[in-house]
Amino acid sequence: MLTLFIGLIWIGGANVSNNVVETIQPLAQAIVAAHQFELVDVEFVREGQSWYLRLYIDKPGGINIEECAMVSDELSEKLDGMDPDPIPQAYFLEVSSPGAERPLKKEADYQQAIGKYVHVGLYQKVDGKKVFEGDLAAVTPETLTINYLDKTRHKTVTIDREQISQARLAVKF
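If you're matching positions, the sequence shown starts at 1 in the working numbering and goes up one per residue.
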């Protein structure tokens with residue numbers, strides 16, 4: 001009984017999260033675009049007992065805290081004026097830069113990352129590995145090609161994009 005109850009909460013949480021993102025994304029996109037910023041990502045996640053609506057925004061040269069606050073204020077005002085409320089539960093609104101390890105989600109993100117150091121996680125192993133870090137050498141609609149270092153050897157791997165669970169820029173140490 002308890003396991004079933006927890007399972008129902010989890011499934012409900014996932015549905016709530018997807019619905020909120022689908023509702024908020026166009027509104028957030030309009031606000032961000034009006035300032036000539038880029039909407040990198042929107043997520044609605046539960047952490048512990050709290051829900052968080054997170055927007056990641058950017059612009060050439062980077063986004064600053066005042067710009068994040070401006071977008072947060074505008075979005076908050078729009079959300080407060082919506083009826084019915086698209087987010088009926090209590091939540092925290094966070095607007096920030098995607099950071100140095102920016103996720104690669106859109107085609108333009110991948111194109112801009114060519115020649116940069118990336119971290120790519122896979123659903124299944126390719127050449128015995130589920131994670132690759134290296135320089136993104138090429139991008140096609142179907143594949144990514146990464147030049148990476150395996151111990152002391154330089155190698156190249158081409159990965160089907162359907163195999164990618166997540167990709168982001170990475171900091172090289």
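For the record, the hints were derived by calculation from the structure and aren't laboratory data. Remember, it's a predicted structure, so these values are computed and weren't measured experimentally. Each hint should be verified, as a subset may be incorrect.
[Unchecked claim] Taking lysine-lysine and the DSSO-like style, the derived pairs with C-alpha atoms no more than 27 Å apart in a straight line are: (1) 78 <-> 105; (2) 59 <-> 172; (3) 105 <-> 125; (4) 59 <-> 116.
[What the hints assert, rightly or not] Distance ranges between label pairs, derived from CB positions: (5) 153 <-> 81: 54 to 64 Å; (6) 77 <-> 125: 10 to 20 Å; (7) 27 <-> 147: 16 to 26 Å; (8) 100 <-> 27: 19 to 29 Å; (9) 145 <-> 88: 42 to 52 Å; (10) 158 <-> 60: 25 to 35 Å; (11) 90 <-> 26: 31 to 41 Å; (12) 26 <-> 70: 17 to 27 Å; (13) 90 <-> 129: 39 to 49 Å; (14) 89 <-> 62: 29 to 39 Å; (15) 147 <-> 80: 43 to 53 Å.
For each residue, glycine too, the CB sits at the ideal point set by N, CA and C.
Going through the hints against the structure:
no., hint, verdict
1, 78 <-> 105, "26 Å, holds"
2, 59 <-> 172, "22 Å, holds"
3, 105 <-> 125, "21 Å, holds"
4, 59 <-> 116, "18 Å, holds"
5, 153 <-> 81: 54 to 64 Å, "59 Å, holds"
6, 77 <-> 125: 10 to 20 Å, "48 Å, violated"
7, 27 <-> 147: 16 to 26 Å, "40 Å, violated"
8, 100 <-> 27: 19 to 29 Å, "28 Å, holds"
9, 145 <-> 88: 42 to 52 Å, "45 Å, holds"
10, 158 <-> 60: 25 to 35 Å, "30 Å, holds"
11, 90 <-> 26: 31 to 41 Å, "23 Å, violated"
12, 26 <-> 70: 17 to 27 Å, "19 Å, holds"
13, 90 <-> 129: 39 to 49 Å, "42 Å, holds"
14, 89 <-> 62: 29 to 39 Å, "33 Å, holds"
15, 147 <-> 80: 43 to 53 Å, "49 Å, holds"
The structure fails to meet hints 6, 7, 11 from the earlier list, while all remaining hints are met.
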